[in-house]
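Q: Fit chain W to the given chain R structure using the hints.
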Amino acid sequence: MSNLIYLDNAATTQPAPEAVAAMTMALTRQYFNPSALYAAGYEARKAMEAFRASLASRLGARQVVFTSGGTEANNLAIRGLLQNARKPGRVLLSAVEHPSVAQACHSLRARHEVLPLPVDAQGLLDLDAASRLMTSDTLLICLMQVNNEVGAIQPVEALVRLRDQLCPDALLHVDGVQGFLRLPLLLGGGIDSCTLSAHKVHGPKGVGALALGARARLQPQILGGQQEEGLRAGTENTAGIAGFEAAVKAWPSARQTRQMKVRLYEGLLRRLPDLVLNGPEPQGDQAVEHILNLSFPPLQGQTLMHALEARGVLVSQGSACAARSRKPSLTLQGMGVARKRQDSALRFSLSHQTTKEDIDTAVQACAEAYTELKPYTRR
Amino acid sequence: MEQLLLVKYAEVHLKGQNRPYFQRLLLRNIRAAAAPFGATARLHDSRIFVSGYDDEAACIQGIQKVFGVHAVSPAIAMDKEDFGAICAQAARMMDGLSGSFKVLARRADKRYPLDSPLIAAQAGGFILQQHPQLRVDVKTPEHELQIEIRDQALLYVRSYPGAGGLPSGSSGRAMLLLSGGIDSPVAGYRVARRGVALSAVYFHSFPYTGEQVKDKVITLARVLAGFCGEVRLHVVPFTEIQQAIHQRCPEDFTTLIMRRCMMRIAQRLATRDKALALITGESIGQVASQTLQALACTDAVVDSPVFRPLIGTDKLEIIREAQAIGSYETSILPYEDCCTVFTPRHPVTHPSLRQAQRAEQPLLEEGQLDAMLDRAVTQAELLKITP
Numbered sequence: 001m002s003n004l005i006y007l008d009n010a011a012t013t014q015p016a017p018e019a020v021a022a023m024t025m026a027l028t029r030q031y032f033n034p035s036a037l038y039a040a041g042y043e044a045r046k047a048m049e050a051f052r053a054s055l056a057s058r059l060g061a062r063q064v065v066f067t068s069g070g071t072e073a074n075n076l077a078i079r080g081l082l083q084n085a086r087k088p089g090r091v092l093l094s095a096v097e098h099p100s101v102a103q104a105c106h107s108l109r110a111r112h113e114v115l116p117l118p119v120d121a122q123g124l125l126d127l128d129a130a131s132r133l134m135t136s137d138t139l140l141i142c143l144m145q146v147n148n149e150v151g152a153i154q155p156v157e158a159l160v161r162l163r164d165q166l167c168p169d170a171l172l173h174v175d176g177v178q179g180f181l182r183l184p185l186l187l188g189g190g191i192d193s194c195t196l197s198a199h200k201v202h203g204p205k206g207v208g209a210l211a212l213g214a215r216a217r218l219q220p221q222i223l224g225g226q227q228e229e230g231l232r233a234g235t236e237n238t239a240g241i242a243g244f245e246a247a248v249k250a251w252p253s254a255r256q257t258r259q260m261k262v263r264l265y266e267g268l269l270r271r272l273p274d275l276v277l278n279g280p281e282p283q284g285d286q287a288v289e290h291i292l293n294l295s296f297p298p299l300q301g302q303t304l305m306h307a308l309e310a311r312g313v314l315v316s317q318g319s320a321c322a323a324r325s326r327k328p329s330l331t332l333q334g335m336g337v338a339r340k341r342q343d344s345a346l347r348f349s350l351s352h353q354t355t356k357e358d359i360d361t362a363v364q365a366c367a368e369a370y371t372e373l374k375p376y377t378r379r
Numbered sequence: 001m002e003q004l005l006l007v008k009y010a011e012v013h014l015k016g017q018n019r020p021y022f023q024r025l026l027l028r029n030i031r032a033a034a035a036p037f038g039a040t041a042r043l044h045d046s047r048i049f050v051s052g053y054d055d056e057a058a059c060i061q062g063i064q065k066v067f068g069v070h071a072v073s074p075a076i077a078m079d080k081e082d083f084g085a086i087c088a089q090a091a092r093m094m095d096g097l098s099g100s101f102k103v104l105a106r107r108a109d110k111r112y113p114l115d116s117p118l119i120a121a122q123a124g125g126f127i128l129q130q131h132p133q134l135r136v137d138v139k140t141p142e143h144e145l146q147i148e149i150r151d152q153a154l155l156y157v158r159s160y161p162g163a164g165g166l167p168s169g170s171s172g173r174a175m176l177l178l179s180g181g182i183d184s185p186v187a188g189y190r191v192a193r194r195g196v197a198l199s200a201v202y203f204h205s206f207p208y209t210g211e212q213v214k215d216k217v218i219t220l221a222r223v224l225a226g227f228c229g230e231v232r233l234h235v236v237p238f239t240e241i242q243q244a245i246h247q248r249c250p251e252d253f254t255t256l257i258m259r260r261c262m263m264r265i266a267q268r269l270a271t272r273d274k275a276l277a278l279i280t281g282e283s284i285g286q287v288a289s290q291t292l293q294a295l296a297c298t299d300a301v302v303d304s305p306v307f308r309p310l311i312g313t314d315k316l317e318i319i320r321e322a323q324a325i326g327s328y329e330t331s332i333l334p335y336e337d338c339c340t341v342f343t344p345r346h347p348v349t350h351p352s353l354r355q356a357q358r359a360e361q362p363l364l365e366e367g368q369l370d371a372m373l374d375r376a377v378t379q380a381e382l383l384k385i386t387p
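Chains as they are written, first to last, in my numbering: chain R, 1 to 379; chain W, 1 to 387.
Next up, chain R with everything else stripped away, as it sits in the complex (with noise of 0.2 Å):
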């Protein structure tokens, strides 16, 4: 197909260039097992540490463990921080985190009690009910950066400031797969960990990290080897961490995606006046720059998305590790959105490539898909 607006952005981006010709020449040219000790091997390894170096000086990291993504990345955190811990307690959890999250957590239940932690209609984490829930033998937070449905920037350093006076010794785990480049964090504010993914941020598909605090204590989940300081066995992924790196540093610090945003959500309300917005105000400080999500009542969302399929502009339902069941928005679920809301909801997500004339499009072939399809909806 050509022609494709992609609008998909926070389900996975095109690999940026830079990191295809990173991968390219690791594949080819460095293709060395970093754990090797002659020269070539030992160039492999220090390129690979290089970019953990500067990494981990970007987030403020004690440490950082490559992994093969953001769910891993977000199970080793939580399964490897609480195994060594000596007694049952709590673990709390946003109720809009990303399934890898929400199930590496529910997994713990035989030993811990694990509770959501309620967001507000909004999906923004509601600290009050968060602070009652916080009691002084709760163990670990999980808490995302940005909600990869809604685009919501959860409130990480207020829960922080409500950690150090309510439960300080519990760890606190933030999935930053969304946030990285787009908003600033640092472990040393107090977070204990941070997963970081390539393929969100134009890099490649299979590699991501987790960035450890000075607390964090971690038992590795994957053994049979020493690599990443015996925290994550198996040969490091060198393509996927240079392209990784390569897209990093391609990441452009000027962008319009924000400016983007808010005239496809602007165009949108003027065509369609019916149109529901599922989430924080797009032009606040709650909002992420890149995640819109909106619903279309009467339409199913689904039926909508097929028709933006077939006009060339690619959009989802939610989130894709979602898509395939049948089961509705958890992230809607937890925001008390009602279910036809739900059903009726889309998801646009910008990238720092799209253009004007790709929000134009996209927003008079919804307007036309809308139109023609409202009539046949149910009465």
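Hints were generated in silico from the structure; no laboratory data involved. Please read all numbers here as calculations on a predicted model, not as lab measurements. Every residue, glycine too, gets a C-beta built ideally from N, C-alpha and C. Please note that a few of the clues may not be correct.
[Said to hold, decoys possible] Anything over 10 Å on all C-beta distances counts as not near chain W; from chain R, calculated: (1) Glu-18; (2) Met-25; (3) Lys-46; (4) Arg-62; (5) Ser-100; (6) Leu-124; (7) Pro-184; (8) Thr-257; (9) Leu-269; (10) Leu-275; (11) Gln-353.
[To be verified] Pair by pair, the computed Cβ-Cβ distance ranges are: (12) W:Arg-222 / R:Gln-14: 54 to 60 Å; (13) R:Gly-284 / W:Thr-343: 37 to 43 Å; (14) W:Arg-222 / R:Ser-136: 58 to 64 Å; (15) W:Arg-320 / R:Pro-184: 54 to 60 Å; (16) W:Arg-272 / R:Ser-107: 54 to 60 Å; (17) W:Arg-272 / R:Ala-367: 37 to 43 Å; (18) R:Arg-341 / W:Thr-343: 15 to 21 Å.
[To be verified] Coverage of chain W stretches by chain R, computed from C-beta distances (three or more under 8 Å per stretch; other residues unrestricted): (19) 239–252; (20) 362–371.
A: Coordinates of chain W only, in the frame set by chain R:
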């Protein structure tokens, strides 16, 4: 000595003067099923033998699925003159078995010096000597070792059930209305099992249903093709008709009218494919469009007979059968196959034909329905699905 598979056929035996025709078709289908394993099949002495396979277990599984096969037995064919060697081979074939057994002998070659009871008794005695853990039970044995004396001696003890039915292609062709659900593949299987070649029609409602549903239906057609050979799958664009029904007809009749339109399209494609009947997965009362009244209304728009092999079955029985033929796992994949948008809240359950016709009237103005049906049939995509 040669290892081979003895294929026993079921109902073909009962055929009279047509028997060679059925045998030929069965042989052709078994050859096709055995070919991927490098095996050849031959008809000899009114039995089918398969030999030369590279993977016995897989080859047996392939042949078990051929309609018309009653059972498949791995067998040893050997020289019949040395009876001592036959007994030794019989004992070897009982290695690893325990419990009760009997030997069943059949002497087709009446010049053979030992008669059937004697063959059975002597071979059985030898087996018992070699395998004291076994005991003889001639009434309800757990294992039955068969020795047949023809131009060679043939021995077999294990037997795997076949799919039964009649050889595919022996009973003409029918058109299956195939959705992504659990029932229709089972209905298609039941009819195909009687030797009927399958065409199928799937109604695609983009953008209400996506490509995944189409792929799901293709996978289901492939499951059926594994039994009955190539399935001619027609993918019919149905959105225009659904939208027109939704817009112009009374809501409680929309599902019924949709079914009538599907049947009309299936009928046209059936004529084109020389299919002599339509097949649906309906079962009485399962949903509103499957009451007796509703079924009468859908039948009224077609001339061909409509076969509904699941008409008297319960959902659980259908699910079990779907699991047995291997379509269930695909059928329950969570892609919408019928867009909920078009499902009326309160579909009519006891429609009369006259009411249905009246509800359909708005579609018929100026030959619009005919034009839409024509378009759907012309734009249908034909996929030839092989196993």
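Q: Now tell me, hint by hint, if it's right for this structure.
A: Right, here's what the structure says about each hint:
Once the 10 Å rule is applied to beta carbons, Glu-18 (chain R) is consistent with being away from chain W; the minimum gap is 33 Å. Listed as outside the interface, Met-25 (chain R) is consistent with that label: its C-beta sits roughly 36 Å from the nearest C-beta of chain W, beyond the 10 Å cut-off. A cut-off of 10 Å between C-beta atoms confirms that Lys-46 (chain R) is not in contact with chain W; the least separation is 46 Å. No Cβ of chain W approaches the Cβ of Arg-62 (chain R) within 10 Å, the least distance being about 43 Å, so the stated non-interface status holds.
Chain W leaves Ser-100 (chain R) outside its interface by the beta-carbon criterion, the shortest separation being 20 Å against a cut-off of 10 Å. Against the 10 Å criterion, Leu-124 (chain R) stays outside the reach of chain W, whose nearest CB is about 30 Å from its own CB. Under the 10 Å C-beta cut-off, the non-interface status given to Pro-184 (chain R) relative to chain W holds; the minimum distance is some 39 Å. Every CB of chain W lies more than 10 Å from the CB of Thr-257 (chain R), the least distance being 28 Å, so the non-interface label holds.
Against the 10 Å criterion, Leu-269 (chain R) stays outside the reach of chain W, whose nearest CB is about 23 Å from its own CB. No beta-carbon of chain W comes within 10 Å of the beta-carbon of Leu-275 (chain R); the shortest separation is about 18 Å. Distance check on Gln-353 (chain R): its Cβ is at least 26 Å (rounded) from any Cβ of chain W, clearing the 10 Å threshold; non-interface status holds. At roughly 34 Å, the beta-carbon separation of Arg-222 (chain W) and Gln-14 (chain R) lies outside the given 54 to 60 Å, and the hint is violated.
Remark: the range hint 37 to 43 Å for Gly-284 (chain R) to Thr-343 (chain W) is upheld by a beta-carbon distance near 39 Å. Remark: the range hint 58 to 64 Å for Arg-222 (chain W) to Ser-136 (chain R) is upheld by a beta-carbon distance near 59 Å. For Arg-320 (chain W) paired with Pro-184 (chain R), a C-beta distance near 58 Å keeps the hint of 54 to 60 Å intact. Remark: the range hint 54 to 60 Å for Arg-272 (chain W) to Ser-107 (chain R) is upheld by a beta-carbon distance near 55 Å.
Between Arg-272 (chain W) and Ala-367 (chain R) the beta carbons are some 40 Å apart, a value that agrees with the proposed interval 37 to 43 Å. Checked against the hint of 15 to 21 Å, the C-beta distance between Arg-341 (chain R) and Thr-343 (chain W) comes to roughly 20 Å, which is consistent with it. Given a C-beta distance limit of less than 8 Å, the hint that chain R covers the segment 239–252 of chain W holds, as 5 residues qualify and 3 suffice. Residue count for the segment 362–371 of chain W with a Cβ under 8 Å from a Cβ of chain R: 0. That is fewer than the three needed, and the coverage hint is violated.
The structure fails to meet hints 12, 20 from the earlier list, while all remaining hints are met.
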